[in-house]
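Enquirer: Chains as they are written, first to last, in the numbering used here: chain L, 4 to 370; chain R, 4 to 370; chain X, 4 to 370; chain Y, 4 to 370.
In short, the hints are calculated from the structure, not lab data. Among the hints, erroneous ones may be present.
Listed next, the in silico DSS-like pairs over lysine-lysine satisfying Cα-Cα at most 27 Å (straight line) [unchecked claim]:
hint : chain 1 : residue 1 : chain 2 : residue 2
1    : X       : 178       : R       : 222
2    : L       : 108       : Y       : 33
3    : R       : 178       : L       : 241
This is what each chain is made of:
Protein chains: 4
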Amino acid sequence: GIFSKVINHLNRAGASIVSIDFPSGLYADKSSKGNEIIEADHTLTFQERKLAFLMAENERFAGKVVVLDIGLSRDFHEKENSKLELVDESIVASIFQPRKEFSNKGDYGYACLMAGSYGMMGAAILSARACLRSGVGKLTCYTCKEGYAIMQTAVPEAMCKISGTTFIKDVRNLKDFSAVGIGPGIGQHPSHRELLKKIFAEFDKPLVIDADGLNTLSKYPSLYGSIPANSIITPHPKEFERLFGKSSDDFGRMELAMQKAKALHIYIVLKGHHTFIATPEGKGYFNNTGNSGMATAGSGDVLTGILTSLLAQKYSSLHSCIIGVYLHGLAGDIAAMTVSKEAMIAGDIISHLGEAFLSFERISSTR
Amino acid sequence: GIFSKVINHLNRAGASIVSIDFPSGLYADKSSKGNEIIEADHTLTFQERKLAFLMAENERFAGKVVVLDIGLSRDFHEKENSKLELVDESIVASIFQPRKEFSNKGDYGYACLMAGSYGMMGAAILSARACLRSGVGKLTCYTCKEGYAIMQTAVPEAMCKISGTTFIKDVRNLKDFSAVGIGPGIGQHPSHRELLKKIFAEFDKPLVIDADGLNTLSKYPSLYGSIPANSIITPHPKEFERLFGKSSDDFGRMELAMQKAKALHIYIVLKGHHTFIATPEGKGYFNNTGNSGMATAGSGDVLTGILTSLLAQKYSSLHSCIIGVYLHGLAGDIAAMTVSKEAMIAGDIISHLGEAFLSFERISSTR
Amino acid sequence: GIFSKVINHLNRAGASIVSIDFPSGLYADKSSKGNEIIEADHTLTFQERKLAFLMAENERFAGKVVVLDIGLSRDFHEKENSKLELVDESIVASIFQPRKEFSNKGDYGYACLMAGSYGMMGAAILSARACLRSGVGKLTCYTCKEGYAIMQTAVPEAMCKISGTTFIKDVRNLKDFSAVGIGPGIGQHPSHRELLKKIFAEFDKPLVIDADGLNTLSKYPSLYGSIPANSIITPHPKEFERLFGKSSDDFGRMELAMQKAKALHIYIVLKGHHTFIATPEGKGYFNNTGNSGMATAGSGDVLTGILTSLLAQKYSSLHSCIIGVYLHGLAGDIAAMTVSKEAMIAGDIISHLGEAFLSFERISSTR
Amino acid sequence: GIFSKVINHLNRAGASIVSIDFPSGLYADKSSKGNEIIEADHTLTFQERKLAFLMAENERFAGKVVVLDIGLSRDFHEKENSKLELVDESIVASIFQPRKEFSNKGDYGYACLMAGSYGMMGAAILSARACLRSGVGKLTCYTCKEGYAIMQTAVPEAMCKISGTTFIKDVRNLKDFSAVGIGPGIGQHPSHRELLKKIFAEFDKPLVIDADGLNTLSKYPSLYGSIPANSIITPHPKEFERLFGKSSDDFGRMELAMQKAKALHIYIVLKGHHTFIATPEGKGYFNNTGNSGMATAGSGDVLTGILTSLLAQKYSSLHSCIIGVYLHGLAGDIAAMTVSKEAMIAGDIISHLGEAFLSFERISSTR
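All chains should be modelled from the sequences, with the hints used to inform the complete structure.
Expert: Written as structure tokens, this is what we have:
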């Protein structure tokens, strides 16, 4: 009653609002929908970024969030066995595997991307370039005839296999590959149902499924059960909804993702500002890199390329997700400093993967 | 009589001339055609750049213009309700909207460019690249079959729709788009009359019309009245003349632009050194960025891409014009410092949009 | 007798030789063929670079040449009315025209390049890019059908006209253009005789003719007389020989070039380390920029693009030659510092035209 | 017995191990397979890198190897007439030939690369770009029809000859070329047997043979004897095995390479971390540049381009191998500092060839 009125009054006062620890009215770990909540310009919170601040629905309440270190014991945090974790540099450094000096390209795997269709070849170019720039030894792209010359000119380091004229019809000899990614720009065609079925049946390692791969999948829920174990799917919120239905709020969607990851034994990378990784073991990871400049066409295709590359290099699905999403965001953050958030295009993320990896090398060499 | 002779004598004396405030014989706010006027090498003028100095026809009289701050009250200037304004950094900073952290590509709109034809695909490439580098979430290019592979290779971040073999024949489902730009490199074909008609009828938001879009339009004045309200047209002086007829001088053309903007309820961006924006509300804005290196093929196509991108991001037509023209010129100014005015090509303007946006971010974060 | 023996002995001694002013046995201004000449590692010469040091045939005698300023009056040099001149920065600065602020692309001309054929489209790409990066307002490339998509993808700023399938068959409406360059990569085909004839008859301004344009020309000497006055031809020594026959030595070739330039009223740019410009007025200019890294495929195509661009901007043929050759070499010198002489490719010269023009701007603004 | 147990115990202790001079149990100059060997994290060795440390099979025993200079007489090393040598900067500097000032592109040779097939055109692009960026005067690429537009767009500095639709069918007029490289991305087709036969018969100078060129060759051992003398083949370990059979260990493979180089009178470049060059004179050279980031698709194609370029410039086969392999690795090392080992793609090696050559120029100018 009275609190609600005070909050309402403050929000309308037009003054700049700074919340300490939490904006009044906002719940820390569940949706605050329906509450009357302070709309702060800045929130100074203590020790660590709370769950509520990672949810898009709360952006207008929390404003810019600054985390103040108040000296709480780090042990306490580490002992707490939370099922949710915020990925930071030290986690990434503990996973990252530097290359061995005497290695050859065979040691870094052979990736396959099925991507592109008539008018949407850019998705194939972007995912292929990102895959190559994430350490894979060798890459073949399956695409359609109308994409052949485009791919070979734009991504000379990738080999090309062709099936179909304006969209991918078929694929073969999947067992040659260490990892397979499917989806960027493939369009939606009835024959893709059979294509997915075949891939699910023939490829016995984890897949990366994105974009139109997910859109096709969402039309045939009977296929869900045959997705190879430990596969990674990378839906944005709308694709997630098509796959698994509506959620009442961001917290609900997070819970649904964790539930589905467990049920289907897959990794779900729910893309957004703090991209969320739901694992079949019942854990969830929020990413802490990236920025709004990455809200641009092709940004997701780049992530698909990165994840497929990491899987091919024998990172586990969990490690691929954690490193891949972090790397993608870090490269985007470096790009934003160079070309601005507004001018950033997806290709810029790829261009800065090198600097992101250099920072991985630095971190892991000082551990 | 005697003044005229003195002026004539001075101009022929071969000495270097510096005018104080104004070259003798030059009117401040109307055309000075027919006058005997001092041809200064430099003009030191007081407090602000006068209208006469923004007109191409006066370049040889004013020479290099330097504005001296003589401490006149800034209030005075701001209270004056002039219908003409010189756009500066503070105006741009007040309009520019930084991106929200939790946003996704849907928040930045879905643009459509109709551009390119056989032999003129570069215009499509340049406008598409500029559009993507100006913050839009997603872009589709309509072009002709002979431009398909070219576009997909050169601009992978843009999707492609095809209609017609050597030029664009038709477009569909315009309502999917947040903003539509038409004109760069489309050529002039009789069927374009019907194309424009259809677009004007089906698209109910403001359009950006440029180049051959305007050339076709100028052949069918009966279409003028059906241009969607608040559309932006971007003629250079010759295209302006084809559309609205000759003017006696630069001042006359400025007045004509303001009159036509009002009558047709559109924004007219009259391109030139100080590009002039005439608004349907009867105001005029002169731009204050840009340089002669931008007098190069494709420079206008870049502007079309930028304006379409800004409209798609829900900037108003007025704000799109002010920011877009300023940004275009600023990127060109940064390019000139890097590659020189002579060597500058239109693609260089695009390459430096990032730095221009970074300066926007800096300005708006310190306000 | 005895001198010859001494020289011979010294050359075989294996010691390092430094010549003062001139290696013994070398003539300053005529060929020294047949002489017994000191083969110096270094030559320290006085006040200025002598003619002999500009000739390839003398490289092994002079070694590295260093010019020592011994304080001779500069006036003396300037009063001397030599028909031969070494182009330096001050000559270039006196010719270079900075762009006018209120100019538009029409002020910088409309160039046409006829270039490329099946398998040799790179020559067209390189000359077109160089032309655009040298200040022209607008450019159209005539090429063959097999080069269409290549050109539009690689050089979006240039428009394309097509005639013929694997080589250029015909051209039209030449009068639209301010300047025309012909030759890079066009191949040699019988029908090119008629093509040259038509161009010579229809285009009444100076042409730039290079490469296979010259090779075709050399087969039909009857066409020499109809080359438009003040045209520029740019043969390397072998092409020069095909056109005008053998010379006994480098001095003889220089004289022959000056004689032919006068007789045909054309400018002959004889390419080499110190490229030589022979003018119809009977003067000769040696260039003083450039390096051996430019001895690479496509380097000449770049020069053709630059010269055509300058002609289109209304530089005279003489000024186009002097500035163009200097600029080409200067950009190559900057490239050599960045990518080395060995790794330099023709595209690198184009990439550094901007820096070369920036140095022109600096020089001319301090005059 | 007891040593073996101690070693085994130490290896399992989990502590960090530093070996002095040599890890216990490791032989200096023969394979240690079957031995119980200390698995050091670091080895501090004296005066120079021993043979054992250059073999991949010993990486896990030696760990990071650091060479300590203990002041042994350099003379001693130079007098020792070893058949094996580690290539360093001073060897390269003594071979490298700076360009002559008055040279023209004819002085740097005319190379030919036969490369590319349907879906593998990237190999042709990469080898062609590397060839051009290694100093050759002129380059023609033989490829198939499906690769034509791709090559001309991506590598404008190279000319193109076409034979066959999806793979190279035939070649002609080989005598026009100063050097010929064959193999990158050509695929394996029955008709290639005849192609190789023809090339071996018609081209009388050394060839560079790589990749699918070697794979085809390995199917027809009867052709081995007709490889032109002093040709260079560049197998990776698997291709080497296909050609010459299995070896028991890395030392055995080295010996086999030296034996085959002698028997066939060819140079064998056995690619790996310390690439090994076996010569027909019975000597072997280990390279000392390069890193694990170069274990990526297309890295070998780049080397083929470099070697063909150097042969065309009249470096001997031995010198081409020594300089080419060193240069390739050095460019890769510079790339690793800029873009990281993980993000490195083959094109990055090419991009940094210029800096590698600049360091050659520096070294050779201070000698």
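Enquirer: Please flag the earlier hints that this structure goes against, numbers listed from lowest up.
Expert: Going through the list in order, the structure violates no hint and respects every one.
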